[in-house]
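K.L.:
The residues making up each chain are set out below.
4 protein chains.
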Amino acid sequence: MNQWYETPIRVRYAETDQMGIAHHSNYLIWFEHGRSEFCRAKGFSYRDMEAEDDVLLVVAETHCRYKSAAFYEDLLTVRIRIGTVRSRGLSFEYEIVREADGTMIAEGETVHIVTDSNKRVRTMPEKYRAKLLT
Amino acid sequence: MNQWYETPIRVRYAETDQMGIAHHSNYLIWFEHGRSEFCRAKGFSYRDMEAEDDVLLVVAETHCRYKSAAFYEDLLTVRIRIGTVRSRGLSFEYEIVREADGTMIAEGETVHIVTDSNKRVRTMPEKYRAKLLT
Amino acid sequence: MNQWYETPIRVRYAETDQMGIAHHSNYLIWFEHGRSEFCRAKGFSYRDMEAEDDVLLVVAETHCRYKSAAFYEDLLTVRIRIGTVRSRGLSFEYEIVREADGTMIAEGETVHIVTDSNKRVRTMPEKYRAKLLT
Amino acid sequence: MNQWYETPIRVRYAETDQMGIAHHSNYLIWFEHGRSEFCRAKGFSYRDMEAEDDVLLVVAETHCRYKSAAFYEDLLTVRIRIGTVRSRGLSFEYEIVREADGTMIAEGETVHIVTDSNKRVRTMPEKYRAKLLT
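Protein chains in written order, with my numbering: chain A, 1 to 134; chain B, 1 to 134; chain C, 1 to 134; chain D, 1 to 134.
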């Protein structure tokens, strides 16, 4: 089963803009934070995957649909799950929801290519692939 | 005719990440910088449109395809043009190219809804609509 | 007594730079996050103080000494306490420590002026002053 | 003679916060941008110094005094000059001024230690030292 993994995020003052809302570029950073926490929940560290096994998930595509504004100090839930997995790439799906009232803040997807630190496309090692898919 | 408008941007050190490339969230900020400069080139200031006429172009959707990495100190060209224009919304299209070698760095689109500062959808005033479309 | 209040922060990928460490500008954002959490711990929300009582703590000065690098996924503790309090201003002191090994990452101070939303200097309302000092 | 070197910067929408002004953390990024442009004006690239000669100017200390707010689309001048130069470190001084009316926005200093990419303190190579001081 492909279930959502959830991680909280608190909107920072520095993330707001003069419209009084969280600037839309931060959503990509929150998605990325979701990926980090997702990996940790799956039993490995994205940092170690990069440092020890030379596996990088390069961002090839991002897509975000902004449904409702998020405000300073809002406690948000970033929901993340695997979209598709191929031998040399994978995608993630996201939802961001405000905890206090359940408002859907955003939906999105990111597409990634597996490379080594020299930017050469490589195959995702089976140990990470297995963990991501459990 | 719907021609590209071009504006330069220099990759900042703070925009790089530990992969040694410009972090992908910055592309949305560069797109936005392109919109500011595009408006200025069309004869009005986005700042004044917001402050004087209460017209905001709220971001409803962003989409970016990352073609090649950008590096610290790279001089990039952000190319921007109008996609579609409706009475209460519009979209922009983008390309980012590295000047030194013409490499395509990214392509993207953003979709915007026209609102007032109270987040109510409104019609784009004719004076801005006319300028954007010339 | 002027005790440290502690709040955790996890270093994000987007906060790293090509040196492989957290970019130094983020420390000011972490300090600010510490102030938000400090206020919440003292029984009020910085957001409400701004929105309901028109009290802003404008940043007048920042000072940070970087002792050791912080890395992606590091779990840090931001320690914050009140420095000085005057009728129309106050300062905070900070330490940032890595939880895993107790390494001192940074020390700093920020100085703030109390204003209203029109940037006029004003006196800190007694209810906030009392809470900050308890 | 120790003269100011000047470089322009345009305040981005993403750099504003809900107070309607440029967020104070960006000033450190603008200082850094000033350092990049300063090096380029002195005849070398900070990127090449890092990549080719393994010379890094690690930030050891930052200090900024905020004099007046900067706003979206403001055209600012970042003024930078060398403070002190020692064998294994140096400091820079900064002023940020709004072009339109000459308002002093901020003053600051940064202190740097010269290291290699393994974070070992090293001596600044004479060729860079000479260029910085001309």
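What the hints contain is simulated information worked out from the structure, not anything from laboratory work.
Fair warning: there could be bad hints in the mix.
No copy is singled out in the list; a pair is fine if it fits within one copy or between any two copies.
Derived pair list, reagent style SDA-like, types lysine to any residue, alpha-carbon separation capped at 20 angstroms [unchecked claim]:
no., residue 1, residue 2
1, Lys67, Thr115
2, Lys42, Trp4
3, Lys131, Arg47
4, Lys119, Thr103
5, Lys67, Asp48
6, Lys119, Ala51
7, Lys67, Arg98
8, Lys67, Thr77
9, Lys119, Glu61
10, Lys67, Glu109
11, Lys119, Phe71
12, Lys42, Gly89
13, Lys131, Tyr5
14, Lys119, Ala130
15, Lys119, Val97
16, Lys131, Arg10
17, Lys119, Ser87
18, Lys127, Thr7
K.L.:
Determine for every hint whether it applies to the structure shown.
P.N.:
Each hint tested on the structure:
For the identical chains of this complex, Lys67 and Thr115 are inter-copy neighbours only, at 14 angstroms across copies versus 33 angstroms inside a copy, given an alpha-carbon limit of 20 angstroms. Taking the shortest alpha-carbon separations for Lys42 and Trp4, only the intra-copy value of 12 angstroms comes in at or below 20 angstroms, while the best inter-copy value is 35 angstroms. Taking the shortest Cα distances, Lys131 and Arg47 sit within 20 angstroms of each other inside one copy (15 angstroms), while across copies they are farther apart (38 angstroms). For the identical chains of this complex, Lys119 and Thr103 are inter-copy neighbours only, at 16 angstroms across copies versus 39 angstroms inside a copy, given an alpha-carbon limit of 20 angstroms.
When the C-alpha separation of Lys67 and Asp48 is checked against a cutoff of 20 angstroms, the pair qualifies neither within a copy, at 35 angstroms, nor between copies, at 24 angstroms. Both within a single protomer and between protomers do Lys119 and Ala51 lie at most 20 angstroms apart by alpha-carbon distance, with minima of 14 angstroms and 17 angstroms respectively. Taking the shortest alpha-carbon separations for Lys67 and Arg98, only the intra-copy value of 11 angstroms comes in at or below 20 angstroms, while the best inter-copy value is 33 angstroms. Taking the closest pair of Cα atoms, Lys67 and Thr77 come within 20 angstroms of each other only inside a single copy of the chain (14 angstroms); across copies the shortest separation is 30 angstroms, beyond that limit.
Only within a single protomer do Lys119 and Glu61 lie at most 20 angstroms apart by alpha-carbon distance; the minimum there is 16 angstroms, versus 29 angstroms between protomers. Taking the shortest Cα distances, Lys67 and Glu109 sit within 20 angstroms of each other both inside one copy (14 angstroms) and across copies (17 angstroms). In this assembly of identical chains, Lys119 and Phe71 lie within 20 angstroms of each other by CA distance solely across copies; the values are 13 angstroms between and 37 angstroms within a copy. Proximity of Lys42 to Gly89 under the C-alpha cut-off of 20 angstroms is restricted to the intra-copy arrangement: shortest distance 18 angstroms within a copy versus 41 angstroms between copies.
In this assembly of identical chains, the alpha carbons of Lys131 and Tyr5 lie at most 20 angstroms apart only when taken from the same copy (14 angstroms versus 37 angstroms across copies). When the C-alpha separation of Lys119 and Ala130 is checked against a cutoff of 20 angstroms, the pair qualifies neither within a copy, at 23 angstroms, nor between copies, at 36 angstroms. Taking the closest pair of Cα atoms, Lys119 and Val97 come within 20 angstroms of each other only across two copies (19 angstroms); inside a single copy the shortest separation is 34 angstroms, beyond that limit. For the identical chains of this complex, Lys131 and Arg10 are neighbours neither inside a copy (28 angstroms) nor across copies (23 angstroms), given an alpha-carbon limit of 20 angstroms.
Taking the shortest Cα distances, Lys119 and Ser87 sit within 20 angstroms of each other inside one copy (16 angstroms), while across copies they are farther apart (37 angstroms). Taking CA atoms no more than 20 angstroms apart as the test, Lys127 paired with Thr7 passes in neither setting, with 23 angstroms inside one copy and 34 angstroms between copies.
Hints 5, 14, 16, 18 from the earlier list are contradicted by this structure; the remaining hints agree with it.
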